[in-house]
Amino acid sequence: MRSGWLKRGLSVLFWLSIASCGGGGGGDDDTSSSSPNPPQPPASPPVTTAAASRFLVQASFGPSPATINQVAAAGLEDSFLSQLSEPATLYMPAVKALEANGNLHPSSAINSFWDSAAGGRDQLRQRMVYALSQILVISAEDGFLQGQPVSQAYYMDILSRNAFGNYRDLLEEITYSPTMGVYLTYIRNEKGDPARGNMPDENYAREIMQLFTIGLVELNNDGTRRAGDIETYDQDDVTGLARVFTGLSHPGGFAERNAAANAYEVPMIIYDNAHSELEKSFLGLTIPAGTDAATSIDMALDHLFEHPNVGPFIGRQLIQRFVTSNPEPAYVGRVATAFNTGEYLLPNGQRVGAGRRGDLTATLAAVLFDQNARRDPDLAPNTFGKVREPVLRFLHWARALEIADPNSRNESLLDDTTGQSSFAQHPFRADSVFNFYRPNFVAPGSDTAAQDLVSPELGIVHEASAIGYMNMMMQFTTLRTPNWNQNLSGFDPDYTELMAVADDIDELLSQLTFVLTHGELSNTTRQRIVSMLEETPIRTTPNEEIQTRRRRVQLAIFMIVTSPDFAIQR
Amino acid sequence: MTKLNRRLFLSAAGATAATGILPRFASGTAQAANTSGYRALVCLFFAGGLDGHDCVLPYDLSSYDQLTNIRGNYFNNYSTSDSRARSNLTPLNVRNASNFGTRQFAFSPNMEGMRDLFDQGRLAVVGNVGPLENPMNRETYLNGSVQRPPRLFSHNDQRSIWRSLEPEGARLGWGGQIADLMLEANANPEPAFTCISVGNTPNTFLSGNMARAYKVGSEGVIRNLAVESTFLLFDEQKRENLRQHLRDVSTSRQNLFERDFAATNRRAIDANGSFASAFTGGSPLNTSFPESRLGQDLATVANVINRRIDLNVSRQIFYVGVGGFDTHSRQAIDLPRLQDKFSDAIRSFYLATEEMGIAQDVTLFTMSDFGRGLVANGDGTDHGWGNHQYVVGGAVDGGRIIGDVPSPTLEHSQDVGRGQLIPTTSIEQFAAPLARWFGLSGSEVNSVFPSLNRFGPEADIFV
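Line by line, the protein sequences are chains A and B. If you count the first sequence from 1, position 530 lands on 529 in numbering that gives the first Met the number 0, and the numbers rise without skipping. If you count the second sequence from 1, position 360 lands on 359 in numbering that gives the first Met the number 0, and the numbers rise without skipping.
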């Protein structure tokens, strides 16, 4: 079975883009060095396929037969390192090419995300992009940005290039991005003018504190609230910080009518005469009157970035995006410490991170390699885990079935999945800067709520949207999705090999659970699927045989991907 | 496609309802609510913070001049047809004008539909409503002698406070708590459709201990392909088995997220079945609604109300949200269009209730994160606090401005800075009369709004 699947993978070795540096010894030609043989790199012990599958659910958009076997053999540490050196997918080149040949569509940039998530090699990086896009939110639902795919691609590339870099650099790039300038309304923000009664726009000043750096209340390093429920900032801080983000606009001229042709795809520039000359005070920092914009922004970003809240505030949200909705404080503390120190020690003794505060590689490693993330789920409490959002469930299905050359442009159902009759979310199209759901969302009337747990994803997984997801998976599984061009690929799975084993229910389920549910299935779900398949016998006439084999495969897949076993990650 | 088995779906929904055992409350007020006839409350939430200063404008010369002192320059941003020049405003016929001396008022020129309703006595303005711990003014705000409400000016917290009287993280909303009391009083034999939320935004307004929001998509009733289509299965019995799989009735799941997910699917399937069958064979309303998303969402509310007999409900609370109001920039471009849309949609909704002959039984009321500052920031406005709200319905004593509308000046006793208003009516004073009209008894109203007695009289909204 495994070999049958492997032959289809285009990217047999993509999890190991560099050969493991097993031969670390000095070498015969090392005549110039006087140092002893460099030490052997730490071992990356192989893991079970179930453990590999769990890692891939967290660290990629979903396991496939090929990647499960590769990761199991290479071990988690080497797989992680290998992904760090995988070249980054950038979105601008394809968008520019479409622009050049007149085929650019408003959704071109964002919808190419489906394809890179389903088929790209830099899985971990794009998974981080997706996580960051839910914290440092911009959205194509914005009235202006919806017609600016090039600006969207510009922003997506900032996230992609900095995904394994440093959070301070990321903050600076997004602050100067015209995409964020538009989204949070500080592009062309002018200094105050008492004569005309204007004050600087406060939107970015508020949201960069509330959502991108420090949050609303003072935190301990482990993410718990400091005693006294102390608010981190007040209205005066917002007003003071708002002065910093004045004077930024596009090349060509400050006013919108003077915008250069590339206005929304290059960093914003500073127009000194529009920048506030007043003293800018916030959070205990005073930037002297007359300080220029670039220095003011630098000082302000440094001051926000150095706040002790940032590590736990961002760290906890990253844990929620990758691993579990309610991490215990000690877990948050370890991730925050990795953020603060810029380093993390992998389980095999290898150190990652450049040692500078805000290192995202170290932070991500802390999220993924923590004992809480890696332990056997049967040892975890029943309060551990999370509901996987519909987009991630869909992409896992696509990767598990190894959709060859995924092409979302040919799938009209993927053009806009924001509706409740669809996935109730679409990457980069949140309703507001507060993302699809809030980190502290408590689902009313739920079992999680009764135990004081949060479940952000239940904010969009509810009575009106649950059927939308089922309908989408029904259509994709039965290949009933409208394709613009029937001769081109879309997200259509090829069932040939699964159909070959459809007569053997155990083997069929074994192959499917291997890629969809870590090789396991609860008795409840298994019994229902087995019953259903037994009531769908394979017929004997050639045409009917193909149809019934196909029906069995589709039924089994549909029933698995709509089960709690598949939807919940633990 | 096979026909829906109505009996099957209704009985399934009935079974679900029966398993939700209604707990007895110790308060002893359980049976006090009035559940006769039919009543509906419709909450319309303007997400982002609607600028009330641009909805209710001063009209008398002296007040209008005060406004132009502050916003005059900003008014140059409007197009000719949207102009806020006094010549482009139509004064409201305010029945309680004596409360305001020589002051006169007008709605924005983009709120014609609502002006008509006001002049017909079907719409009332409730002035300067917002969260308060205790009555407060500029002096007590600045000197700290009265406690400030929490997390002012923060979108998500203020939305939560309007819906739940608590910052983000609240579990219950006052709409859900009202619904709980109605369920206690057996207002609805099938509780599933007591609270209905239309559109995408998830929130706690309709969350109670028993009551929960049944969410209807903006697209209306969604077909359940697994059950209704033959994409996968031709046999009806097998589709029923598939439906049972999707309902995942299992006592063995331990993980709380698995249990919640399974419960969500179960409720979705059961409610979708009953809801869809309630709409089978019904005749549509004649009233036309605007094509805007809000227009269609309010049309959905009207259509659900129109099926109240098949849905077997006597008390319902609806929630509809509409976004785009956080007008930090482009306010002169964006807000007029938003006002056109919500004004038209509200008017259509009222007309639909008249068509159904129940205008006096349906009350629509508005909420928003907060109002905005009077001082502009260039091409927009920033977060405020107190805001004007609107109540619409046949039972409303309309054509009046209830409460206070502070003068369009700065540094007065309700100005916290730049024309961000300290409320003169608390959320409790605004919401309690709505709950009372809906049928709650006096003690029940106090249980939902425990802080009510810190404030003066309730807003006197109803005839």
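Certain hints may be false.
[What the hints assert, rightly or not] Some chain A residues close to chain B (C-beta under 7 Å, calculated; not the full set): (1) Thr184; (2) Met198; (3) Phe433.
[Unchecked claim] Computed list of chain A residues with no C-beta within reach of chain B, every gap over 12 Å: (4) Pro40; (5) Asp168; (6) Asn188; (7) Gln209; (8) Asn219; (9) Ala226; (10) Ala260; (11) Ile268; (12) Glu276; (13) Leu277; (14) Ser280; (15) Leu282; (16) Val441; (17) Gln485; (18) Glu544; (19) Ile545.
If you are wondering where the hints come from, they were derived from the structure by calculation, not from laboratory data. Positions of the beta carbon are idealized from the N, C-alpha and C atoms, including for glycine.
Now the hints, each set against the structure:
1. Thr184: holds (4 Å)
2. Met198: holds (5 Å)
3. Phe433: With a minimum Cβ separation of about 6 Å from chain B (threshold 7 Å), the hint on Phe433 (chain A) holds.
4. Pro40: Non-interface label stands for Pro40 (chain A): nearest chain B Cβ at 37 Å, farther than 12 Å.
5. Asp168: holds (27 Å)
6. Asn188: violated (7 Å)
7. Gln209: violated (7 Å)
8. Asn219: holds (18 Å)
9. Ala226: holds (17 Å)
10. Ala260: holds (22 Å)
11. Ile268: Since the minimum Cβ distance to chain B is about 19 Å, Ile268 (chain A) lies beyond 12 Å and the statement holds.
12. Glu276: Label holds. Min Cβ-Cβ 16 Å, cutoff 12 Å.
13. Leu277: holds (15 Å)
14. Ser280: Check passes; 16 Å lies beyond 12 Å.
15. Leu282: Leu282 (chain A) is indeed farther than 12 Å from all Cβ atoms of chain B, at 16 Å.
16. Val441: violated (6 Å)
17. Gln485: holds (18 Å)
18. Glu544: Check passes; 17 Å lies beyond 12 Å.
19. Ile545: holds (16 Å)
Checked against the numbered hints given earlier, this structure breaks hints 6, 7 and 16; the rest are met.
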